[in-house]
Each structure stands twice: as structure tokens, then as C-alpha cells.
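Peer 1: Here is how the chains run, residue by residue.
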Amino acid sequence: MNVWLNFLIESLAFGAVFMYGSTGEILTEKAGHLNLGIPGIMCMGGAGGCMVLNLIGKMNLPPFMVIILGVAGALVMSMLMGLIYSFLTVTLRANQNVTGLALTTFGVGLMKVIMSKLDPTVYLVGPKKIFRWPFADRTDALQYLGVLFFVGVAIAVIASYVLFRTKVGLRLRAVGENPGTADAVGVNVTRYKYLATCIGSGISGLGGFYCIIDYMASQEAYLSLEAFGWLSIALVIFALWRPHMTIIGSTVFGFLFSCSSYIANIEGITVTMAAKPLLKMLPYLVTILVLIVTSIRNKRENQPPASLGLAYFREER
Amino acid sequence: MSEQKKRAAHEPLFHLAKRTDVNPVRAWVIRLVAILLGMLACGLVAFALIEKLNQNPEKITDFYYSFIKGSFTTERKLWKFLKNMAILQCISLAVTPAFRMRFWNIGAEGQTLMGVLGSITVAFYLGGKIPEWQLLILMFIAALIYGAVWAVIPALFKAKWNTNETLFTLMMNYVATYVVSYFLVIWVPSGSSTLGKLKFGKLPPLPFGNQYLLIILIVLALTVFLFIYLKYSKQGYEISVVGESIRTAQYSGINVEKVIIRTMVVSGLLCGLAGYLIGAGLDQSVTTESVGGQGFTAIIVSWLANFNPIVMIITSALISFLNSGAAQISQDFNVSGALPDVIVGIILFFIIGCEFFINYKMVFRHAANGKGAAK
Numbered sequence: 001m002n003v004w005l006n007f008l009i010e011s012l013a014f015g016a017v018f019m020y021g022s023t024g025e026i027l028t029e030k031a032g033h034l035n036l037g038i039p040g041i042m043c044m045g046g047a048g049g050c051m052v053l054n055l056i057g058k059m060n061l062p063p064f065m066v067i068i069l070g071v072a073g074a075l076v077m078s079m080l081m082g083l084i085y086s087f088l089t090v091t092l093r094a095n096q097n098v099t100g101l102a103l104t105t106f107g108v109g110l111m112k113v114i115m116s117k118l119d120p121t122v123y124l125v126g127p128k129k130i131f132r133w134p135f136a137d138r139t140d141a142l143q144y145l146g147v148l149f150f151v152g153v154a155i156a157v158i159a160s161y162v163l164f165r166t167k168v169g170l171r172l173r174a175v176g177e178n179p180g181t182a183d184a185v186g187v188n189v190t191r192y193k194y195l196a197t198c199i200g201s202g203i204s205g206l207g208g209f210y211c212i213i214d215y216m217a218s219q220e221a222y223l224s225l226e227a228f229g230w231l232s233i234a235l236v237i238f239a240l241w242r243p244h245m246t247i248i249g250s251t252v253f254g255f256l257f258s259c260s261s262y263i264a265n266i267e268g269i270t271v272t273m274a275a276k277p278l279l280k281m282l283p284y285l286v287t288i289l290v291l292i293v294t295s296i297r298n299k300r301e302n303q304p305p306a307s308l309g310l311a312y313f314r315e316e317r
Numbered sequence: 318m319s320e321q322k323k324r325a326a327h328e329p330l331f332h333l334a335k336r337t338d339v340n341p342v343r344a345w346v347i348r349l350v351a352i353l354l355g356m357l358a359c360g361l362v363a364f365a366l367i368e369k370l371n372q373n374p375e376k377i378t379d380f381y382y383s384f385i386k387g388s389f390t391t392e393r394k395l396w397k398f399l400k401n402m403a404i405l406q407c408i409s410l411a412v413t414p415a416f417r418m419r420f421w422n423i424g425a426e427g428q429t430l431m432g433v434l435g436s437i438t439v440a441f442y443l444g445g446k447i448p449e450w451q452l453l454i455l456m457f458i459a460a461l462i463y464g465a466v467w468a469v470i471p472a473l474f475k476a477k478w479n480t481n482e483t484l485f486t487l488m489m490n491y492v493a494t495y496v497v498s499y500f501l502v503i504w505v506p507s508g509s510s511t512l513g514k515l516k517f518g519k520l521p522p523l524p525f526g527n528q529y530l531l532i533i534l535i536v537l538a539l540t541v542f543l544f545i546y547l548k549y550s551k552q553g554y555e556i557s558v559v560g561e562s563i564r565t566a567q568y569s570g571i572n573v574e575k576v577i578i579r580t581m582v583v584s585g586l587l588c589g590l591a592g593y594l595i596g597a598g599l600d601q602s603v604t605t606e607s608v609g610g611q612g613f614t615a616i617i618v619s620w621l622a623n624f625n626p627i628v629m630i631i632t633s634a635l636i637s638f639l640n641s642g643a644a645q646i647s648q649d650f651n652v653s654g655a656l657p658d659v660i661v662g663i664i665l666f667f668i669i670g671c672e673f674f675i676n677y678k679m680v681f682r683h684a685a686n687g688k689g690a691a692k
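So the protein sequences, as listed, match chains A and B. The opening residue of the first sequence carries number 1 in our numbering; numbering runs sequentially from there. The opening residue of the second sequence carries number 318 in our numbering; numbering runs sequentially from there.
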């Protein structure tokens with residue numbers, strides 16, 4: 001296969017990790033909650049899925065069941081994390097930044113403890129083949145495009161549709177822009193915030209699971225998950241709070257992030273050691289640039305949700 | 318009577334009201350209970366995670382004793398605890414002015430790391446070429462400048478175009494990390510990217526007392542200074558007004574842009590100082606992990622203390638205590654080194670959650686009705 005096409009597909013596959021993470025984060029942010037716990041949630045999603053696979057790995061279940069159960073494990077674990085976050089920030093009205101950071105500390109730590117106890121020959125070696133269906137036997141970058149990759153793209157598109165084309169999405173956005181107004185027209189603000197945060201966390205958690213079981217598929221994969229989580233939060237800005245844009249954005253991020261190690265393999269291009277960190281810096285710099293440009297242009301539809309980061313208390317004016 | 322019944326059916330069992338007066342004694346009792354409950358929860362989680370504990374449950378006393386063992390049983394551990402606490406306190410102080418202005422600077426990690434880089438850059442290029450005392454002063458200046466520059470960039474955009482500062486400062490952390498790894502590649506041609514301990518530019522310890530005493534005293538002085546600055550100076554007052562309401566600030570003639578930029582410079586300078594204490598005072602070297610996430614922990618420490626520098630001594634002590642205690646546990650019980658994060662995280666959930674019970678109260682239906690009847 002052409003080396004550039006191969007690179008593009010790999011960026012696409014790598015980007016899916018961020019695509020999951022930021023689609024989940026967008027749903028949460030649209031409800032007015034800046035969830036800095038996403039890295040921790042993605043980690044726990046990965047750990048949850050792998051825990052289940054570790055249990056069922058030797059049972060010889062049909063591939064279909066393995067996928068369903070693994071995904072269910074990731075969803076349950078990450079939604080539990082989302083539940084902790086929403087209980088603290090929605091019901092107890094705690095500061096969102098502080099809660100998110102605590103959640104990340106907790107999630108990353110707990111994942112490391114859990115993963116160190118699991119057996120990679122059980123949760124990884126067998127299931128990897130199943131999750132990489134239909135291209136499991138390829139040796140080029142196509143092998144990374146497994147089941148969860150396509151599920152992720154579908155989720156991003158559906159999330160966009162729900163957010164911008166349905167009544168539920170309209171209400172959700174109203175909650176994030178001005179919860180007081182949404183409350184006044186009869187939207188159950190608490191329920192929307194809870195559901196958006198928990199479903200968003202579930203989606204993000206799947207990203208962590210996808211990264212461990214499909215894209216990286218190595219027993220050290222979980223160590224780099226935290227960094228990918230932070231990058232997912234950056235991608236939200238890059239995608240201007242539109243889930244379908246994360247498909248393109250994540251490919252760009254994947255491209256920028258992996259090009260430092262990849263470009264060296266391409267003939268005619270030489271990369272010095274010193275240039276590698278600078279290349280890795282690019283996704284963050286690009287994000288900052290997008291953030292600045294959108295704030296200067298000040299177009300209303302490109303701004304963060306107006307009540308992002310603020311707790312809602314009905315009796316407060 | 319029947320009308321009252323009807324009303325009761327529609328009214329929820331209780332509703333929430335904000336407390337207008339927060340009783341400090343009550344607040345601290347609630348916090349203490351929360352920490353104790355958190356400790357209890359940690360014990361339960363430990364049963365699930367630590368096999369050694371699972372097999373012999375009576376070891377649970379050892380589990381809790383390890384917390385104390387982590388910080389207090391030997392003089393060396395005590396000083397180390399005080400040192401960790403001082404560094405954490407310094408970074409927490411640094412983020413405080415910005416937070417009082419409701420400027421969510423979560424970039425302390427990067428700003429401090431740039432401070433470390435600034436001082437080590439000077440030591441790397443000038444070490445041995447000029448007298449040590451001059452070198453130390455130059456390192457100090459470089460650290461402050463690096464920290465301040467890193468902090469002022471988001472502030473400029475916030476002041477001018479209202480660019481979201483939380484996301485901006487978050488991104489700056491990662492840029493800082495890669496700036497450091499860039500210099501490490503340049504400085505260490507062998508390719509290992511680990512810079513050994515430099516021979517020059519070490520902050521000399523005081524002629525008496527422990528090697529960490531100087532750092533501890535510097536941070537203590539800084540705490541008092543910042544308390545006075547925030548509480549009694551005109552600039553401190555302006556910060557509080559901008560934090561309360563930007564409109565009020567504008568109306569009373571405060572130049573909001575100037576206050577935002579100036580406060581972030583102060584924040585950055587203090588982060589730079591923390592970086593200097595790490596670079597020149599402790600490590601004499603720089604890695605991408607020099608700050609090790611303390612910039613994020615500091616945000617929690619500062620918030621827990623309600624942005625009060627004096628109270629922050631207690632909260633930074635608490636977090637350092639939990640950290641070193643949990644590290645001791647993972648050593649004693651032979652579990653993954655990530656256990657401290659789990660334990661600190663659980664206890665933080667409880668402390669964060671308990672603030673609700675300090676600031677709000679539940680008003681039950683029958684109590685509210687009784688009041689209405691009395692009227």
C-alpha cells in the first residue's frame with residue numbers, strides 16, 4: 001500500500017481514541033459541565049473492559065458475545081465514574097474543575113492498580129483478533145480499523161444528529177447555555193445534566209477500551225491513556241463543540257501526534273531528534289490557535305456553552 | 318385542612334436553601350467527619366485491591382498505621398514531609414491570586430515547569446563560568462521570568478478577547494512539557510534525554526538545621542506575605558472585586574484588563590519561584606516530570622482552603638500526609654505505586670462533596686409548613 005495512504009489510515013485509527021473521548025466530552029460540555037475527569041474516565045473504561053475480558057477470556061465464547069461483554073464492561077465502569085462526577089457537581093454543586101481533577105487522579109491511579117493485576121495473555125492476545133475484525137489479518141494500517149472504530153464513527157455522527165436536529169438536543173443545549181431559562185420552560189435540568197454526563201462518560205470510556213484492545217493492543221498501552229485523555233479535551237475545542245467534526249479533527253490530531261515517529265520512515269524526509277518534541281507539540285499549539293481565533297472572531301455558534309463550568313442552583317439569582 | 322393536604326402532595330419532601338451564615342466551627346466539624354468517612358472508604362477499597370489485606374483482615378490496623386508511618390516515625394521522614402508540603406504550598410499560593418479573581422488558571426504545572434527550566438538553563442550555560450552567588454541570582458531571575466511569561470500569555474488573550482483561560486492554560490502545560498523535552502534532546506546529545514545532576518547552581522542550605530529548612534522558611538514567609546497582599550493591599554482588594562463581579566469592578570473604575578494581567582503575572586512569578594526552589598533547591602536538573610502533577614494538586618489544595626493562604630498550610634499538609642502515607646502503604650503491602658492516587662482521590666471526593674453540607678441546608682416540607690402556619 002502507498003506509504004502516505006497507510007499513514008492516513010493509521011492517523012484515522014489513532015484519532016478514533018480522541019474521537020470517542022471528545023464526543024463524550026462534547027455531550028457533557030453541552031450540558032454546561034467541563035469534565036476534566038475525562039482522562040480518568042477513559043482509563044477506567046479501558047480497565048473495565050479488560051477486567052471483563054480477563055474473566056471471560058478462557059471461556060471460548062462466540063466472538064459476538066466477547067465484543068458485547070467487553071463493551072458492556074467498559075460502559076459500566078466509565079458510566080460509574082460519570083455518576084460520581086455528576087453526583088458531586090450536579091447534586092452537590094461542587095466545583096467542576098476540582099472534581100474533574102480529583103476524578104482523573106483517582107481514575108488513572110485505580111486503572112494502573114487494576115491493570116497490573118490482569119493477565120495480558122488472557123485479556124489481550126485472544127480478544128485482540130476478535131476486536132480487529134474485519135481486517136484482523138492485514139499487516140498494514142488497515143488492521144487497526146476494527147469493530148470499535150466503525151462504532152465510534154457512527155456514535156460521533158449520531159451524537160451530532162441528536163444534538164443539532166432533535167428536540168432532546170435543543171433542550172440539552174439550552175441547559176448548557178442558560179439552565180435558568182431551560183428550567184423555566186419545564187426542562188428537567190438535573191435529569192439532562194445527569195444523563196448527558198453519564199452517557200458522555202460511557203462514550204469516552206469506550207475510547208480508552210478501544211485504545212487498549214484494538215489500536216495499541218499492547219500490555220503497556222494503558223500507560224499512555226492519560227495523555228490521550230487530555231488531548232481529547234483539547235480536541236473538543238478544535239472541533240468547535242460539534243461531534244461530527246471530531247472525525248476530521250481526530251485524524252488531524254492523530255496525524256500530528258504520530259508523525260514525529262512516522263515521518264522518519266518515509267524516504268526523502270529526515271527528522272532530527274530535536275524536531276520530534278516540536279512535532280508532538282503541534283496538536284496543542286493548533287488547539288491554542290483555534291481557541292484564540294474563535295474568541296477573536298467571536299461568532300456565537302463557535303463559542304463554548306455559556307454556562308460552562310457554573311453550577312446551577314434554582315433559588316439563586 | 319384539605320387544601321393544606323393538596324399542597325403537601327405537590328410540594329417535594331424537602332427543598333434546598335443556601336446558608337446565609339456559615340459557622341466556621343460547624344464547617345470544620347463537617348470537613349473532619351468527611352475525611353474520616355473518606356478514610357473508612359479507603360479501607361474498604363483497600364480490602365478489594367490488596368490481596369495481603371484480603372487474606373488477613375486483622376492487618377487493617379497496619380494499613381492505617383502506615384499513614385502515620387509515612388510521614389512521622391523518623392526525623393528524616395518528617396523533614397521530607399515538610400519539604401514536600403512546602404513545595405506544594407508554594408505552588409498552591411501561586412495559583413491563589415488568580416483563583417480569587419475567578420480566573421481558572423489550571424496551568425500551574427506548566428508555569429512551574431518553565432520556572433525549573435529557566436533556572437536550569439542558566440545553570441547549564443553559565444555554571445562554573447561565573448561565581449556561584451551570581452549564578453544563583455541569575456537562575457532566580459530566569460525562573461521568575463519564564464514562569465511569568467508562561468502565565469501572562471493566556472492572561473493577555475483573556476483580557477483582550479475573553480479567550481477561555483481554563484482550556485488555554487491547560488494546553489500550555491503540554492507545550493511546556495515538550496519545550497522541556499526539546500531542550501533535553503539538545504543538551505544531552507547521547508540520546509538518553511536525561512540530564513544528570515548539574516555541579517553548579519545549588520541553593521546552599523542554612524548553616525544550621527536541616528537541609529530543607531531554607532526552602533520551608535522561604536515558603537512560610539511567602540505565605541504570610543501573600544496573606545497580607547490579598548487581604549490588606551489595594552491590589553488584593555481589586556482582585557476580590559473583579560472576582561465577585563466584573564461589572565461592579567468596571568463601574569467602580571477598576572481597569573479590569575490591567576488587574577487580570579497583573580494578577581496573572583504575580584501568579585506566574587510565584588510559580589517561577591516554586592520552579593526555582595525545585596530546580597536550584599532540590600533537583601539541580603530538569604525532566605518533564607520535575608513538577609510531577611503538583612501543579613494540578615495545588616489547584617485542589619488552594620480551593621479546599623477557600624483561597625486563604627493561612628488555611629492552605631493545613632490543606633497542603635493534609636494532601637502531603639495522604640500522599641506519603643499512601644506511598645508507605647504501597648511499599649508495606651507490596652502493591653502498585655499508583656495506590657496513593659486512588660487513596661487521595663477517594664478522600665478528595667469526600668472533602669469536595671462535604672462542602673455542599675456546609676453551604677446548603679435542606680428544608681423539609683413539614684418544617685416549612687409549620688413556619689407558614691405560625692405566620
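Keep in mind the hints are simulated off the structure, nothing from the lab. Heads up, a few of these hints could be off.
Unchecked claim - With a Cα cut of at most 20 Å, we get these calculated SDA-like pairs of lysine to any residue:
no., chain 1, residue 1, chain 2, residue 2
1, B, 551, B, 567
2, B, 477, A, 293
3, A, 129, A, 150
4, A, 117, B, 477
5, B, 519, B, 379
6, A, 117, B, 519
Peer 1: Determine for every hint whether it applies to the structure shown.
Peer 2: Results for each hint:
Of the supplied pair hints, the one linking residue 551 of chain B and residue 567 of chain B holds, its CA atoms being roughly 16 Å apart against a limit of 20 Å. As the CA atoms of residue 477 of chain B and residue 293 of chain A are separated by approximately 12 Å, the hinted pair is consistent with the 20 Å bound. Distance check on the hinted pair: residue 129 of chain A and residue 150 of chain A sit about 16 Å apart at the alpha-carbon level, within 20 Å; holds. Annotation: proposed proximity of residue 117 of chain A to residue 477 of chain B is violated, straight-line Cα distance about 51 Å (limit 20 Å).
A distance of roughly 39 Å separates the Cα atoms of residue 519 of chain B and residue 379 of chain B; the hinted pair therefore is violated under the 20 Å criterion. Between the alpha carbons of residue 117 of chain A and residue 519 of chain B the distance comes to roughly 42 Å, so the proposed pair goes past 20 Å and is violated.
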